[in-house]
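Asks: In order, the protein sequence lines correspond to chains Z and C.
When we follow my numbering, the leftmost residue of the first sequence carries the number 1, and every step to the right adds one.
When we follow my numbering, the leftmost residue of the second sequence carries the number 167, and every step to the right adds one.
Wrong hints could be hidden among the right ones.
[Unchecked claim] To give a feel for the contact side, a few chain Z residues facing chain C, derived at Cβ under 7 angstroms:
| hint | residue |
| --- | --- |
| 1 | Thr14 |
| 2 | Val17 |
| 3 | Asp24 |
| 4 | His30 |
| 5 | Ile32 |
| 6 | Gly35 |
| 7 | Glu42 |
| 8 | Pro47 |
| 9 | Ala91 |
| 10 | Ala93 |
| 11 | Ala95 |
[To be verified] Non-contacting residues of chain C with respect to chain Z, defined by C-beta distances greater than 10 angstroms in every case (computed):
| hint | residue |
| --- | --- |
| 12 | Ser218 |
| 13 | Ser245 |
| 14 | Asp249 |
| 15 | Ser271 |
| 16 | Arg283 |
Derived from the structure by calculation, the hints contain no laboratory data.
By construction, the Cβ of each residue, glycine as well, lies at the ideal position given by its N, Cα and C atoms.
For reference, the chains in residue letters:
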Amino acid sequence: MTGGAAAQQTVTITGTVQPGVWVDPDGCLHWIADGGVEGYMEGRVNPQNGMPVCLNVNTCAVANSDVLFHTDSARLTNGGRAQMDQFFRSAGAFAYAIYGHTDSRASDEYNMSLSQRRAASVANVARSAGARVAREIGYGERRPVVDNNSAAGMQQNRRVEIVCYR
Amino acid sequence: MSHIKKLLLVLGSAIFVSGCAGGLEGVSVPRGDGPPLRAIGQDRGFDSEDLSTLEAGIYIDPDGCHIWMIDDGLEGYWSRRRDPVSGLPVCTPIAPPNSIIGEISSSPGIRDRVPTRP
Chain Z
1 MTGGAAAQQT VTITGTVQPG VWVDPDGCLH WIADGGVEGY MEGRVNPQNG
51 MPVCLNVNTC AVANSDVLFH TDSARLTNGG RAQMDQFFRS AGAFAYAIYG
101 HTDSRASDEY NMSLSQRRAA SVANVARSAG ARVAREIGYG ERRPVVDNNS
151 AAGMQQNRRV EIVCYR
Chain C
167 MSHIKKLLLV LGSAIFVSGC AGGLEGVSVP RGDGPPLRAI GQDRGFDSED
217 LSTLEAGIYI DPDGCHIWMI DDGLEGYWSR RRDPVSGLPV CTPIAPPNSI
267 IGEISSSPGI RDRVPTRP
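One chain only, chain Z, in its complex shape (with noise of 0.2 angstroms):
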């Protein structure tokens, strides 16, 4: 087997385009170009892991575990059951998605499990106050917002996503 450039088939150029971007009502971009009598649209990706590009437009709320759970467990607190149960009378939204996150302390099945817990305890207030729960899913550690290397950082991590699908 040849190694380096040799091995790579060759390509030819056969146009160009200059896509502009168009950000959609939930915040995420996509590429878009018109051809003169057609047009071309695509979502932006990562190209690491696949996740749509999105500006920080339509994650409804972010509660912090703290305040909604009591340490390490999925039971929520009153104030937390009140705020939740506040937030889902009044969004207003067809459908919310719910995601849990822990910080990186503990084991990843452990966080894993505790976040699906959280989520699924956010998610039955949601249904219990009327609204529709489209997903509930617990990402664990996986998804940080920040570093977990600080105590400020981990507790940034600790929380509860919702998205609103309206």
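Fit chain C to the known structure of chain Z by using the hints.
Replies: Below, chain C without anything else, positioned relative to chain Z:
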């Protein structure tokens, strides 16, 4: 209708369409050296605008999932709606499959044409 008449009609409408598209849409056949620029982020025609300002409606695909849909006169665009946090498709049953919700047409420049029902 005679074959000659039909041919003239076809030729005529072809000329009308190409002339029209050139005048209204600011397009031309590719010229010059190097690979041609096939598409850009702007609509340069009669109904010209920056494509970033377009407004979309939601089309519910046959699986029940949402697609952002835009009718921009001579061009149409659509792209899947994905949850910004999880990246998953959004498939809440706001309407039956194949329905369109909201206003997809944000271009007043060229009057829209729709398919003739069979």
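Asks: Does Ala93(Z) pass the interface hint, meaning its C-beta sits closer than 7 angstroms to a C-beta of chain C?
Replies: 9 angstroms, violated
Asks: Is the interface hint satisfied for Val17(Z)? The criterion is a beta-carbon contact with chain C at less than 7 angstroms.
Replies: 5 angstroms, holds
Asks: Since Ser271(C) was said not to touch the interface, does its Cβ keep a gap of more than 10 angstroms from each Cβ of chain Z?
Replies: Fine: 13 angstroms to the nearest Cβ keeps Ser271(C) off the interface.
Asks: For Ser245(C), is the shortest beta carbon distance to chain Z beyond 10 angstroms?
Replies: 5 angstroms, violated
Asks: Can we trust that Ser218(C) is non-interface, i.e. its beta-carbon lies farther than 10 angstroms from all of chain Z?
Replies: Non-interface label on Ser218(C) violated, nearest chain Z Cβ at 5 angstroms vs cutoff 10 angstroms.
Asks: Hey, does the His30(Z) contact hint survive, CB to chain C under 7 angstroms?
Replies: With Cβ-Cβ at 5 angstroms, under 7 angstroms, it holds.
Asks: Holds or violated: is there a CB of chain C closer than 7 angstroms to the CB of Ala95(Z)?
Replies: 4 angstroms, holds
Asks: Close enough to count: is the Cβ of Gly35(Z) nearer than 7 angstroms to one in chain C?
Replies: 4 angstroms, holds
Asks: Does the nearest C-beta of chain C fall within a distance shorter than 7 angstroms of the C-beta of Ile32(Z)?
Replies: Holds: closest Cβ of chain C sits about 5 angstroms from Ile32(Z), inside 7 angstroms.
Asks: Double-check Glu42(Z) for me: the hint is only fine if its C-beta lies closer than 7 angstroms to a C-beta in chain C.
Replies: Because about 6 angstroms separates Glu42(Z) from the closest Cβ in chain C, which is inside the 7 angstroms limit, the hint holds.
Asks: Holds or violated: Thr14(Z) as interface residue toward chain C, Cβ cutoff 7 angstroms?
Replies: 6 angstroms, holds
Asks: A cut-off of 10 angstroms on Cβ-Cβ distance, and Asp249(C) was said to be off the interface with chain Z. Does that hold?
Replies: 6 angstroms, violated
Checked against the numbered hints given earlier, the structure breaks hints 8, 9, 10, 12, 13 and 14 and satisfies all the rest.
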